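Engineer: Sequence:
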Amino acid sequence: MTTKIIIDATDGILGRIAGFAAKQSLLGKSVVIVNCNEVLITGDPRTTINAYKAKISRGGSAQKGPYFPKTPERIMKRTTRGMLSHKQGRGSDALKRVICYNSVPEEFKDAEKISMKRELKGKAIKLSKLSKEL
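Quick note on numbering: my numbering labels position 93 of the sequence shown as 75, and the sequence is numbered without any gaps.
Derived from the structure by calculation, the hints contain no laboratory data. Misleading hints may appear alongside valid ones.
[What the hints assert, rightly or not] Here are the simulated lysine to aspartate or glutamate pairs, DMTMM-like style, with alpha carbons at most 25 Å apart:
#: 1; residue 1: Lys91; residue 2: Asp(-10)
#: 2; residue 1: Lys59; residue 2: Asp(-10)
#: 3; residue 1: Lys52; residue 2: Asp75
#: 4; residue 1: Lys46; residue 2: Glu115
[Claimed, not checked] Just the calculated beta-carbon pair ranges, DEER-fashion:
#: 5; residue 1: Lys114; residue 2: Leu9; range: 33 to 43 Å
#: 6; residue 1: Ile96; residue 2: Arg56; range: 29 to 39 Å
#: 7; residue 1: Arg56; residue 2: Thr24; range: 30 to 40 Å
#: 8; residue 1: Ser39; residue 2: Ala93; range: 20 to 30 Å
#: 9; residue 1: Gly25; residue 2: Phe50; range: 32 to 42 Å
#: 10; residue 1: Gln70; residue 2: Arg28; range: 16 to 26 Å
#: 11; residue 1: Ile96; residue 2: Arg72; range: 35 to 45 Å
#: 12; residue 1: Tyr49; residue 2: Gln70; range: 18 to 28 Å
#: 13; residue 1: Lys99; residue 2: Leu9; range: 35 to 45 Å
#: 14; residue 1: Thr24; residue 2: Lys52; range: 15 to 25 Å
#: 15; residue 1: Glu89; residue 2: Thr29; range: 15 to 25 Å
All figures in this text were calculated on a predicted structure; none of them were measured in a lab. Where a beta carbon is used, it is the ideal one built from N, C-alpha and C, also for glycine.
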C-alpha cells in the first residue's frame, strides 16, 4: 500500500504545488490535490491570460494537437506533468499517481490535508478565473 498525500491547494501557488506533488509522486507516494480551482498563478492577470491563450493557439490542427487543457484540475495536472519526465517509464508512473479535483470529494472530507497556502505579495489570478477566460 502506497502512502497517500492529500494537498489542499486553496490559495497556494501553482508552480510550488505542482513541484511538491511531482517530487512526492517520484518517491512512490500517491498524491491527491483538492480545490484546484482555488490555486493562484502569480503575476499580472492580463499577462497570464494572454500567455495561456498563446500557448493554446500555438498548436496545429484540432485533430493533431498539442492539446492544452482548459479546466482548472486539468491545468494543475498538466503543470505537474511538466515537472516530470513523463515520456520515460518512471515519470509516466509518477504522473499516474497524481490525481486532481476541483473540490473536496466525500472520501477526503475528514482526512488530514497538507495546506500549501502562501502569503501573496503581488498580483495573482485564480485558476478558476483563468479557465473561464480561455
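Engineer: Hints first: check each against the structure and report whether it holds.
Structural biologist: Quick rundown of the hints versus the structure:
With a C-alpha separation of about 11 Å, the suggested pair Lys91 and Asp(-10) falls inside the 25 Å cut-off, and the hint holds. Proximity of Lys59 to Asp(-10) is assessed by CA-CA distance (about 14 Å); at most 25 Å being required, the pair is judged to hold. Using a Cα cut-off of 25 Å, the hinted pair Lys52 and Asp75 holds, with the two alpha carbons roughly 24 Å apart. Distance hint between Lys46 and Glu115 is fulfilled; the C-alpha atoms sit about 23 Å from each other, no more than 25 Å.
For Lys114 and Leu9, the hinted distance range of 33 to 43 Å is satisfied, since their beta carbons lie about 35 Å from each other. The supplied range of 29 to 39 Å is broken by Ile96 and Arg56, whose beta-carbon atoms lie about 22 Å from each other. Separated by about 20 Å at the C-beta atoms, Arg56 and Thr24 break the suggested range of 30 to 40 Å. Between Ser39 and Ala93 the beta carbon distance is about 40 Å. The supplied range of 20 to 30 Å is therefore violated.
In this structure the hint that Gly25 and Phe50 lie 32 to 42 Å apart at CB is violated, the actual value being about 18 Å. Separation of Gln70 from Arg28 is about 37 Å and departs from the stated range, judged on CB atoms against 16 to 26 Å. Between Ile96 and Arg72 the Cβ separation comes to about 23 Å, which falls outside the hinted range of 35 to 45 Å. Between Tyr49 and Gln70 the beta carbon distance is about 21 Å. The supplied range of 18 to 28 Å therefore holds.
Separated by about 23 Å at the C-beta atoms, Lys99 and Leu9 break the suggested range of 35 to 45 Å. Between Thr24 and Lys52, the C-beta spacing of about 20 Å keeps the proposed range 15 to 25 Å intact. Separated by about 38 Å at the C-beta atoms, Glu89 and Thr29 break the suggested range of 15 to 25 Å.
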